[in-house]
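Based on the sequences and whatever the hints tell you, model everything.
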Amino acid sequence: MAVILQQILNGLQLGSVYALIALGYTMVYGILRLINFAHGDIFMIACYIGFFATGILMGRHLPIWLVFTATMLATMTLTALLAMTIERAAYKPLRNAPRVSAVITALGVGLFLEHFTLATLGPAPRAIPPLLPAANYSVGGLTISSVQVVIIVISVLLMLLLDTVVRKTMTGMAMRAISYDKTVVPLMGVPVDRIISLTFAIGSAVAAAGGILYSQAYPIINPYMGVRIGWWAFIAAVVGGIGNIRGAMLGGYILGFVEVFTPTILPSSTYRDFVAFTILLVMLIVRPTGLLGRITAQKV
Amino acid sequence: MMIESRRAPLLVLGTILRTRQTVLLVIVGLALSFFLERSGFVSSYILQILMYVGINIILTLSLNLVNGYMGEFSVGHAGFMAVGAYTASIITVWLFRNQAGALVFPIATLGAGIAAAATSIIVAIPSFRTRGDYLAIVTLAFNMIVKSLLENIDALGGPRGFLGMNRLTSLASVYAWCAITIYIVRNFVYSNFGRAVLSIREDEVASNLVSVNTRQTKVLVFVVAAFFAGVAGALFAHLVQFINPRTFSIQKSTDILVMVYLGGIGSIFGSILGATVYTVLLELLRPLGVWRWVLGPVMLVILMIGRPTGIMGLKEFAGFVPIEERARKKKEGTAVAAASH
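These protein sequence lines are chains X and P, in that order.
Residue numbers for the first sequence, in this note's numbering: 16 to 315.
Residue numbers for the second sequence, in this note's numbering: -16 to 324.
Rather than coming from a laboratory, the hints here were simulated on the basis of the structure.
From the derived model, a few chain P residues whose C-beta atoms are all more than 12 Å from chain X:
no.: 1; residue: L7
no.: 2; residue: F17
no.: 3; residue: I29
no.: 4; residue: N175
no.: 5; residue: G177
no.: 6; residue: F225
Non-contacting residues of chain P with respect to chain X, defined by C-beta distances greater than 12 Å in every case (computed):
no.: 7; residue: L267
no.: 8; residue: I294
no.: 9; residue: E308
The following label-pair restraints were derived from C-beta to C-beta distances:
no.: 10; chain 1: P; residue 1: F24; chain 2: X; residue 2: L281; range: 48 to 56 Å
no.: 11; chain 1: X; residue 1: L281; chain 2: P; residue 2: A301; range: 52 to 60 Å
no.: 12; chain 1: P; residue 1: Q31; chain 2: X; residue 2: P108; range: 33 to 41 Å
no.: 13; chain 1: P; residue 1: E307; chain 2: X; residue 2: S283; range: 53 to 61 Å
no.: 14; chain 1: P; residue 1: I285; chain 2: X; residue 2: R302; range: 33 to 41 Å
no.: 15; chain 1: X; residue 1: H76; chain 2: P; residue 2: Q31; range: 56 to 64 Å
no.: 16; chain 1: X; residue 1: D208; chain 2: P; residue 2: L271; range: 30 to 38 Å
no.: 17; chain 1: X; residue 1: R48; chain 2: P; residue 2: A301; range: 33 to 41 Å
no.: 18; chain 1: P; residue 1: A101; chain 2: X; residue 2: I23; range: 38 to 46 Å
no.: 19; chain 1: X; residue 1: L77; chain 2: P; residue 2: S232; range: 36 to 44 Å
no.: 20; chain 1: P; residue 1: L192; chain 2: X; residue 2: V297; range: 29 to 37 Å
no.: 21; chain 1: X; residue 1: I159; chain 2: P; residue 2: R198; range: 49 to 57 Å
no.: 22; chain 1: X; residue 1: I79; chain 2: P; residue 2: S232; range: 38 to 46 Å
no.: 23; chain 1: X; residue 1: L176; chain 2: P; residue 2: R198; range: 44 to 52 Å
Here the structure is a predicted model, which is why all the values come from computation and not from measurement.
Where is the CB? At the ideal position from N, CA and C, for every residue including glycine.
Quick look at the structure:
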């Protein structure tokens, strides 16, 4: 029983990170109908930015919580800027092109980010130093680490914040309006380009936060780390219903549990990718709109 | 009507001539590839690149069938290639214990194609219901599942890979399979089925309404495309004599995509061009080291923004177009010109 509870806790920790990344996929899809396959690699870049930011900040005798906060904010800002640049350079020229062109471009951008990082920084994995106090609390046979608590709490806070932004603010309303009808909304005076840029920025900033949190739990980073995590987050977005923000959160936690519980059901944890992609395949065949997505009729 | 009947013997003559031309071309090519291999006229390095070019032509052409002609979006072509590579290796290494050699290889290659074609049903069935980016995800998931399964089957070497194949692939066998692929794809595209495939690309609902059996057509296209991907996998496995699951990752699928979109969608000549240019280019850029891997994705992005239909872009080298088709196009062209005057 304690083992199961412990695993649930681990699942929550992983699921939080997946949910944060899945949000980026789902927001961009909601607004542009574009599967941004480069998102996982943006997460990887965020981890590298975090790595260099801590490297700069660590030696300056600052209190550790300040280093953590500053790293977090710097990484989120820089990653958001990167994502906005990518959107301007690669996706904007394809706004009116067939969707397939845009999807291929996204795949290309993702591979570019991987190989560019590999070429400039080398294939050697690097370790991000711990920024959170490592304390373990024992609650009824259950070991809870402070890192787990911080990851889950910050993630949930970020998700609540994002949900509020999308539901309550004018920007959020503009985002929802664009995803509803892209031709009429500009006529109402909504600056579509700016809102799309902002969507990329927010989605990537949230993924960057996920990256910093993730690297506190799993400190080893390398140029290809974004591939697997990106795919898992993407599956999370599809399982929850791509385009649906709460769906992405739900999907993230489901995938977190899938990853944690796979070794207890199947012989080895190396089957986890197989399980996740089978879930994706079955989901797409049975219910392509995901758990929380609305089913819309195709207009002819 | 008069023109039609006067044209008829000309058409027959043209067809015979062209058939003879084609047969001659194939025989000369085969002889040349035998010669190149035996004579030591070119280095084994050049020989190897030539074989890579051939394998890539088969891959590109088969993916073009799905992405270019049918307008569906498959991004998991390396998955079929993996199925073919492993099947052929199992046949030659386990079934024949590496003994029968070159005689068994065509059978192993055929078997590889058939195995890959059988797995393509997994992708074809979801394509009945979903199109566009959702189908792209299905094919990607297929690629990932194949790779993940291969990594977990210990008998096949798991992540360490499968080895022990003899070098059975020769330039002549690659050339022969290339010719077969081009021949079948070309005849397929200009057949009645080919028309159905094109109609699905232009408008699926409308083609359904004019009684095109879209399901059957889709299955057929996926099966043919996967078959040749499997063949290419078999040739590849017996060329490098070592395969591991990582060889057949999304990276490989993306490479095939680049070749399709570089050469030109919906064009046989485009596929040959794209595969050749990309393969040779990557070889020439070898001194750049890791940086040459940056090239492919950048090229893909620039192509998508600048010329999403590729160099040939739905156009065909006249030699691949049936003479009847050219006559028809010409007549239509003059009719249009006459009407506009």
